[in-house]
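Participant: Given next are the chains, with one letter for each unit.
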Amino acid sequence: MVLSQRLHEAFKGTVEKITGPRTVSAFKEKGVLSVSEFVTAGDNLVSKCPTWSWESGEPSKRKPYLPSEKQYLITRNVPCLRRAAFVEEEYEAAGMEVLIDNEDNDGWLATHGKPKDRSSEEENFPSIESLEINKNKSVKSSPSQVGGEDEDDIPDMADYEEADNIEIDPGTYLVAHEPDDDNILRTRTYDISITYDKYYQTPRVWLTGYDESRMLLQAELVLEDVSQDHARKTVTIEDHPHLPGKHASVHPCRHGAVMKKIIDVLMSRGVEPEVDKYLFLFLKFVASVIPTIEYDYTMDFDLGSTSN
Amino acid sequence: MEGNSGKSILQFAPFQSSVDEGFWHRLSSLKLNKFGIDDSPILITGFYAPCSHSQVSNHLTLLAESLPLDSSEESSVPAVSRGNRNRCSVPGILYNTNTVESFHALDKQGLLKAEAKKIWEDIQNGKALEDTAVLSRFLLISFADLKKWSFHYWFAFPALVLDPPATLVNLKPASQVFSVEVAESLSAAFNDWRSSSLTADVPFFLVVIDSNLHATIKHLKDWETYQSAADHKLLFGFYDPCHLPNNPGWPLRNLLALICSRWDLKSVRFLCYRETRGFADLGLSLVGEAQITAPQGWGTLHSTPNAVGWELNKGRKVPRCISLAKSMDPTRLAVSAA
Chain Z
1 MVLSQRLHEA FKGTVEKITG PRTVSAFKEK GVLSVSEFVT AGDNLVSKCP TWSWESGEPS
61 KRKPYLPSEK QYLITRNVPC LRRAAFVEEE YEAAGMEVLI DNEDNDGWLA THGKPKDRSS
121 EEENFPSIES LEINKNKSVK SSPSQVGGED EDDIPDMADY EEADNIEIDP GTYLVAHEPD
181 DDNILRTRTY DISITYDKYY QTPRVWLTGY DESRMLLQAE LVLEDVSQDH ARKTVTIEDH
241 PHLPGKHASV HPCRHGAVMK KIIDVLMSRG VEPEVDKYLF LFLKFVASVI PTIEYDYTMD
301 FDLGSTSN
Chain L
1001 MEGNSGKSIL QFAPFQSSVD EGFWHRLSSL KLNKFGIDDS PILITGFYAP CSHSQVSNHL
1061 TLLAESLPLD SSEESSVPAV SRGNRNRCSV PGILYNTNTV ESFHALDKQG LLKAEAKKIW
1121 EDIQNGKALE DTAVLSRFLL ISFADLKKWS FHYWFAFPAL VLDPPATLVN LKPASQVFSV
1181 EVAESLSAAF NDWRSSSLTA DVPFFLVVID SNLHATIKHL KDWETYQSAA DHKLLFGFYD
1241 PCHLPNNPGW PLRNLLALIC SRWDLKSVRF LCYRETRGFA DLGLSLVGEA QITAPQGWGT
1301 LHSTPNAVGW ELNKGRKVPR CISLAKSMDP TRLAVSAA
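Each protein sequence line maps, in turn, to chains Z and L.
Numbering follows the working numbering, with no gaps: position 261 of the first sequence is 261.
Basically the working numbering = 1-based index in the second sequence + 1000.
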């Protein structure tokens, strides 16, 4: 982690310790959530999209301001069939704009879907230095799973291979097809979690990636599944507040402002957004950052009450 | 594609494992702070859920909560809470050895047999009807190299082998088997079953379709009540972690063994329950009919039938290995923090 990022984290940690959690709603004014609004919105997400659940996480990392059984939200084993990095290259090669959302795209997230519009956005980001990722690195780099490097540290398991007389009963065992199909090779799965960031007073998204044989992906490789506009800027690799290990996360510094914009657009159309729908709007926005990860944020119902 | 019609041997898609990083972190801490060199087996809990996407199977997942709490951490929340629809508990046992040599020296076939024996006994004594979660068990052997922060491990999902194997009469998406009316009633019944905390994590059950084409989901043990009612159609259902359109998943194996052993049925109608976005998906769920030729004297058998179930690693009989030095090694953490 770069120094400025460390300093910022330390500062943020101190501020979080000495300030109380937000209790007054500023949802429409600032696009942020109070702790109780986060729990309300999370309850609604879990009831409408049952692949999401509340979890309590590591007991030692529990936040006192959140209910112990509702520390963060998670959905596991979410497929990601294609690399976002490839998809964008394909679109760009075809001379098209990157249109992130193709179902009921009504344009209100367009500024985040098009890479060309990013310059104006970018200036507003606090100076979080981007991670050093070699742009030319082959996306299909072979040691995709954790443990792929440090080969010399690991005893050679080939010595033991098939030494055991274990039975597999080939008649009734469905032996998986050889992974000659490119799609199978590329299918990754993700555990996506949403935590409450007390400093920014918004939800924060975390990604844990697995390769096609469900082995943990190095956090850096997760960046292949992030829209390339965000991969080196808003998506960083940090300690998860409730789980061990390093995980990729969409940095929440602009979440409030983006959510405020979305809310303003809705209100200008006469839709009064309700705070319990916050996470659906939020996840729709997050889809522009991780366009190929197929998590659930069903929007088959009204976002709020229409005021006229 | 095989298995749509005609008789063929019923083939099952093996269970697949997935281990969350948190599991290894807690195991390391338990090993260092609590177990020491004590390598006696410990009871752990795995979690699974029905398949919820047409393109990926679900897995038997281990999380930090799969292990007992480290004594240094006090908590009022029970280690494993029941009723979470995305976390059906599967009882498991962990053999964590102290050396890589003893890891490789473990009697794998013997350990698998011991777990299969538990399943067989639970079928015989009726416990499997009361708590169907014990029909699926798993076994994990591991060696945690805490000097290098690497973990060698191997899963087994013991399945009792029917000999001769069951044959498949037909297998189709549930939506092609039922009328629209039955399908609607069935979907509603499933969604109720899955949203009640009393039944959400009960992985084996009975589907009852009455003469009015009304579907209900009942507990497996209710079979004895319903089997005599001639105007009811009964199917044996289970949460299927597998997504494949032509094969049921692994949990069906021990369910068939139970049906064969306790009720001696020759023909079994089964339903592989699968979801999309957390709701019943009858297009993805499968309905099939299997024929079982009861192995000689199964009902009265004292010895446990043969069992299979060691997980293959990319098609090979080798253990898996994961290195977590990046997130566990204090010297590396210090370097990355600088």
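Honestly, the hints are just simulated from the structure, not real lab data.
Please note: incorrect hints may appear among the correct ones.
30 Å max Cα-Cα, derived DSSO-like pairs, lysine-lysine [claimed, not checked]: (1) L/K1147 with Z/K48; (2) Z/K61 with L/K1034; (3) L/K1034 with L/K1113; (4) Z/K70 with L/K1266; (5) L/K1148 with Z/K61; (6) L/K1314 with L/K1108; (7) L/K1314 with Z/K63; (8) L/K1326 with Z/K61; (9) L/K1326 with L/K1007; (10) L/K1113 with Z/K17; (11) L/K1118 with L/K1108; (12) Z/K61 with L/K1031; (13) Z/K70 with L/K1113; (14) Z/K260 with Z/K17; (15) Z/K70 with L/K1034; (16) L/K1147 with Z/K61; (17) L/K1117 with L/K1326; (18) Z/K12 with L/K1326; (19) Z/K63 with L/K1031; (20) L/K1326 with Z/K233; (21) L/K1108 with Z/K63.
The calculated label-pair distances, taken between Cβ atoms and stated as ranges, are [stated by the list, open to error]: (22) Z/S36 with L/K1127: 39 to 45 Å; (23) L/H1302 with Z/L81: 26 to 32 Å; (24) L/G1036 with Z/L81: 26 to 32 Å; (25) L/K1118 with Z/S25: 31 to 37 Å; (26) Z/G20 with L/S1195: 47 to 53 Å; (27) Z/P21 with L/L1213: 51 to 57 Å; (28) Z/G20 with L/Q1055: 43 to 49 Å.
Computed far set for chain L versus chain Z, every beta-carbon distance over 12 Å [what the hints assert, rightly or not]: (29) L1010; (30) V1019; (31) S1089; (32) Y1095; (33) A1189; (34) Y1226; (35) R1253; (36) W1263.
Nothing here was measured: the structure is a model prediction, and the numbers come from that model.
Note that the Cβ used here is the ideal one computed from N, Cα and C, for glycine as well.
Participant: Would you mind marking each hint as holding or not holding in the structure?
Facilitator: Comparing the hints with the structure gives:
{"no.": "1", "hint": "L/K1147 with Z/K48", "result": "45 Å, violated"}
{"no.": "2", "hint": "Z/K61 with L/K1034", "result": "20 Å, holds"}
{"no.": "3", "hint": "L/K1034 with L/K1113", "result": "29 Å, holds"}
{"no.": "4", "hint": "Z/K70 with L/K1266", "result": "48 Å, violated"}
{"no.": "5", "hint": "L/K1148 with Z/K61", "result": "25 Å, holds"}
{"no.": "6", "hint": "L/K1314 with L/K1108", "result": "19 Å, holds"}
{"no.": "7", "hint": "L/K1314 with Z/K63", "result": "40 Å, violated"}
{"no.": "8", "hint": "L/K1326 with Z/K61", "result": "20 Å, holds"}
{"no.": "9", "hint": "L/K1326 with L/K1007", "result": "52 Å, violated"}
{"no.": "10", "hint": "L/K1113 with Z/K17", "result": "53 Å, violated"}
{"no.": "11", "hint": "L/K1118 with L/K1108", "result": "16 Å, holds"}
{"no.": "12", "hint": "Z/K61 with L/K1031", "result": "20 Å, holds"}
{"no.": "13", "hint": "Z/K70 with L/K1113", "result": "40 Å, violated"}
{"no.": "14", "hint": "Z/K260 with Z/K17", "result": "26 Å, holds"}
{"no.": "15", "hint": "Z/K70 with L/K1034", "result": "28 Å, holds"}
{"no.": "16", "hint": "L/K1147 with Z/K61", "result": "25 Å, holds"}
{"no.": "17", "hint": "L/K1117 with L/K1326", "result": "40 Å, violated"}
{"no.": "18", "hint": "Z/K12 with L/K1326", "result": "24 Å, holds"}
{"no.": "19", "hint": "Z/K63 with L/K1031", "result": "26 Å, holds"}
{"no.": "20", "hint": "L/K1326 with Z/K233", "result": "22 Å, holds"}
{"no.": "21", "hint": "L/K1108 with Z/K63", "result": "42 Å, violated"}
{"no.": "22", "hint": "Z/S36 with L/K1127: 39 to 45 Å", "result": "43 Å, holds"}
{"no.": "23", "hint": "L/H1302 with Z/L81: 26 to 32 Å", "result": "49 Å, violated"}
{"no.": "24", "hint": "L/G1036 with Z/L81: 26 to 32 Å", "result": "45 Å, violated"}
{"no.": "25", "hint": "L/K1118 with Z/S25: 31 to 37 Å", "result": "53 Å, violated"}
{"no.": "26", "hint": "Z/G20 with L/S1195: 47 to 53 Å", "result": "36 Å, violated"}
{"no.": "27", "hint": "Z/P21 with L/L1213: 51 to 57 Å", "result": "53 Å, holds"}
{"no.": "28", "hint": "Z/G20 with L/Q1055: 43 to 49 Å", "result": "45 Å, holds"}
{"no.": "29", "hint": "L1010", "result": "7 Å, violated"}
{"no.": "30", "hint": "V1019", "result": "8 Å, violated"}
{"no.": "31", "hint": "S1089", "result": "14 Å, holds"}
{"no.": "32", "hint": "Y1095", "result": "14 Å, holds"}
{"no.": "33", "hint": "A1189", "result": "16 Å, holds"}
{"no.": "34", "hint": "Y1226", "result": "28 Å, holds"}
{"no.": "35", "hint": "R1253", "result": "8 Å, violated"}
{"no.": "36", "hint": "W1263", "result": "21 Å, holds"}
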